[in-house]
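Position 75 (the sequence shown) corresponds to 75 in my numbering; numbering is contiguous.
Errors might be hidden in some of the hints.
Claimed, not checked - Pairs of lysine to aspartate or glutamate, EDC-like flavour, derived with a Cα cap of 16 Å: (1) Lys81 - Asp67; (2) Lys103 - Glu27; (3) Lys42 - Glu27; (4) Lys81 - Glu32; (5) Lys65 - Asp85; (6) Lys42 - Asp67; (7) Lys96 - Glu32; (8) Lys87 - Glu32; (9) Lys96 - Glu58; (10) Lys42 - Asp75; (11) Lys81 - Asp37; (12) Lys81 - Asp38; (13) Lys87 - Asp38; (14) Lys94 - Glu27; (15) Lys96 - Glu27; (16) Lys103 - Glu68; (17) Lys81 - Glu68; (18) Lys65 - Glu27; (19) Lys103 - Asp67; (20) Lys42 - Glu32; (21) Lys94 - Glu32; (22) Lys65 - Asp84; (23) Lys60 - Glu27; (24) Lys94 - Glu58; (25) Lys65 - Asp38; (26) Lys42 - Glu68; (27) Lys65 - Asp37; (28) Lys103 - Glu46; (29) Lys87 - Asp37; (30) Lys103 - Asp47.
What the hints assert, rightly or not - Now the in silico label distances, taken between C-beta atoms and shown as ranges: (31) Asp37 - Pro112: 35 to 43 Å; (32) Gln95 - Val21: 21 to 29 Å; (33) Lys81 - Thr44: 15 to 23 Å; (34) Val21 - Asp75: 26 to 34 Å; (35) Asn52 - Lys87: 16 to 24 Å; (36) Ser89 - Met109: 29 to 37 Å; (37) Lys96 - Gly71: 14 to 22 Å; (38) Asp85 - Met109: 30 to 38 Å; (39) Glu27 - Leu111: 16 to 24 Å.
Derived by calculation from the structure, the hints in this document are not laboratory data. All C-beta atoms in this analysis are idealised placements derived from N, C-alpha and C, irrespective of residue type, glycine included.
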Amino acid sequence: MYASARMYPLSRDIYSEVVEVVVRVREFGTFEWTSQDDLVVKSTLEDVPYFNAPICLENKQMIGKVDEIFGTLRDYYISVKLNDDVKASSFTPKQKLYIDSQKILPLRMFLPGGQQRGRGGRGGRGGGRGGGRGGPGGRGGFGGRGGFGELSGGGGRD
Numbered sequence: 001m002y003a004s005a006r007m008y009p010l011s012r013d014i015y016s017e018v019v020e021v022v023v024r025v026r027e028f029g030t031f032e033w034t035s036q037d038d039l040v041v042k043s044t045l046e047d048v049p050y051f052n053a054p055i056c057l058e059n060k061q062m063i064g065k066v067d068e069i070f071g072t073l074r075d076y077y078i079s080v081k082l083n084d085d086v087k088a089s090s091f092t093p094k095q096k097l098y099i100d101s102q103k104i105l106p107l108r109m110f111l112p113g114g115q116q117r118g119r120g121g122r123g124g125r126g127g128g129r130g131g132g133r134g135g136p137g138g139r140g141g142f143g144g145r146g147g148f149g150e151l152s153g154g155g156g157r158d
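Model the full structure from these sequences, guided by the hints.
Now the structure itself:
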């Protein structure tokens with residue numbers, strides 16, 4: 001095979017240059033406070049974001065990604081890990097932030113009974129070959145101990 005036909009990159013740096021393009025945004029929540037270099041955002045959506053989902057401004061300029069989700073199911077916050085070129089001090093309280101509409105899950109996915117049930121399995125690997133000591137079946141032979149006749153399966157003459 002020729003060297004030019006490789007299917008993998010020669011350098012791992014190519015992965016750091018991948019930029020997500022946000023096509024359609026949806027209002028996610030409001031900026032509340034900073035924690036170190038991260039933003040804490042109160043969600044106004046009922047839906048739950050994916051981890052690492054891009055968070056952006058209304059003009060679709062990406063500012064960071066969802067880092068952690070905390071709070072209750074219906075009243076939660078997220079922390080946003082900001083991009084290197086964005087400073088936490090540039091945000092004002094109650095400023096609206098947006099999320100890619102393709103990066104959210106409905107709340108029902110996290111509630112009991114909200115998951116779709118798959119079809120049933122195929123079952124086990126089949127039954128055993130008998131019932132242990134004294135049970136019917138077994139490893140072959142002529143039946144249980146002693147006795148003659150048809151029921152015992154013994155080796156008696158008919």
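_Numbered hints the structure breaks, given as an ascending list_ = none
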